[in-house]
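Engineer: Following the hints, put chain B in place on chain A, whose structure we already have.
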Amino acid sequence: DTGVSQDPRHKITKRGQNVTFRCDPISEHNRLYWYRQTLGQGPEFLTYFQNEAQLEKSRLLSDRFSAERPKGSFSTLEIQRTEQGDSAMYLCASSSPTHLTSGANVLTFGAGSRLTVL
Amino acid sequence: AQSVTQLGSHVSVSEGALVLLRCNYSSSVPPYLFWYVQYPNQGLQLLLKYTSAATLVKGINGFEAEFKKSETSFHLTKPSAHMSDAAEYFCAVTPSGGYQKVTFGTGTKLQVIP
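Protein chains in written order, with the working numbering: chain A, 1 to 118; chain B, 1 to 114.
Just chain B, with the same shape it has in the complex:
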């Protein structure tokens, strides 16, 4: 079964600083990987997805993530944090090939300090 581990339940960065949210996956078959964001009182929204087409994936709002098979990682980065980035971020995994449930990590809450 697939799973993801998010390191750090809370991350604080200064406005304008680099954002790095860590995610490691465990999967016996090549997975598809996702990052979702949840703003307060809103549903989860897809930030980006990895489907084996390219290892560096760009998403919305300036976020990107790199799939590293050797490290079983899919860390989320953004060069310069904005106050509006404050939210909870979830890494998720599913087996490749669709029609499978998506398994989520426990989430990382990002705080942006002005």
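If we strip away everything but chain A, and leave its shape as in the complex, we get:
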């Protein structure tokens, strides 16, 4: 397994355009998370899926943001009508059932997708 893959690694767009990021988790991981990281900050939780069900969404996730995981495998995060404040690194992580990790929710992260909105 090659780990968590994210695509694209970098995206530059103009304000008002739509962008979509894709995340391919580790195949046997049933949970998938999206985080956002800005310079000088830690990752901020956006949303997470267990299989194809979206179980929690942060208040940070405005109605311009939508995430899907249609078949319980890869996930997409779409941002509509981008704003300059959306510029950030978007991180995807996945985790396996916790009985395999001493009960802890251990996240495996991808390298991230960096968004720059001009």
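Keep in mind that the hints are not guaranteed to be accurate.
[Unchecked claim] In the BS3-like style, the derived pairs of lysine-lysine whose C-alpha atoms are separated by at most 30 Å in a straight line are: (1) K71(A) <-> K57(A); (2) K109(B) <-> K69(B); (3) K109(B) <-> K11(A); (4) K68(B) <-> K58(B); (5) K109(B) <-> K68(B); (6) K58(B) <-> K57(A).
[Said to hold, decoys possible] Some chain A residues near chain B, calculated using beta-carbon distances under 8 Å: (7) G42; (8) F45; (9) A111.
Because the hints were derived from the structure by calculation, they are not lab data.
C-beta: ideal position from N, C-alpha, C; glycine also.
Structural biologist: Quick look at chain B alone, frame taken from chain A:
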């Protein structure tokens, strides 16, 4: 809700010196705690985790952390810094029992001076 506070956004140590990165947690229920490391242009990697099995937790690359309930702390230490330890370190917390989101601190950037 759980949260962690990392004291010091930047820490500089000399090569061979002790590394101490501070993390204090806030939680109404017994938490699980983690340290992750992020090298430039790479994703976050797990260094170590505390899941109540033992208060002193050893991780990769010679790092360890001690859970102190009385001080609500989970500080990360390494006896002797190496140049390759230069990175950003994040403390994180989740309620015990799995299936919960992980909440991260703001990070501490470690600089190692030769």
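Engineer: If a hint holds in the structure, say so; if it does not, say that too.
Structural biologist: Comparing the hints with the structure gives:
Between K71(A) and K57(A), the direct Cα distance comes to roughly 19 Å. Compliance with the 30 Å bound is thereby established for this hinted pair. A distance of roughly 25 Å separates the Cα atoms of K109(B) and K69(B); the hinted pair therefore holds under the 30 Å criterion. Restraint check: the Cα-Cα separation between K109(B) and K11(A) comes to about 25 Å, which is no more than 30 Å; the hinted pair holds. The suggested pairing of K68(B) with K58(B) holds, with an alpha-carbon distance near 15 Å, which does not exceed 30 Å.
Distance restraint check for K109(B) and K68(B): the Cα-Cα separation of roughly 23 Å lies within the 30 Å cut-off, and the hinted pair is therefore satisfied. With a CA separation close to 33 Å, the supplied pair K58(B) and K57(A) exceeds the 30 Å bound. Using the Cβ-Cβ criterion of 8 Å, the hint placing G42(A) at the interface with chain B is satisfied: the shortest such distance is roughly 4 Å. The beta carbon of F45(A) is positioned within 8 Å of a beta carbon in chain B (closest approach about 5 Å), and the interface hint is therefore held.
At its closest, the beta carbon of A111(A) sits 5 Å from a beta carbon of chain B; the interface hint therefore holds under the 8 Å criterion.
The structure shown violates just one earlier hint, number 6.
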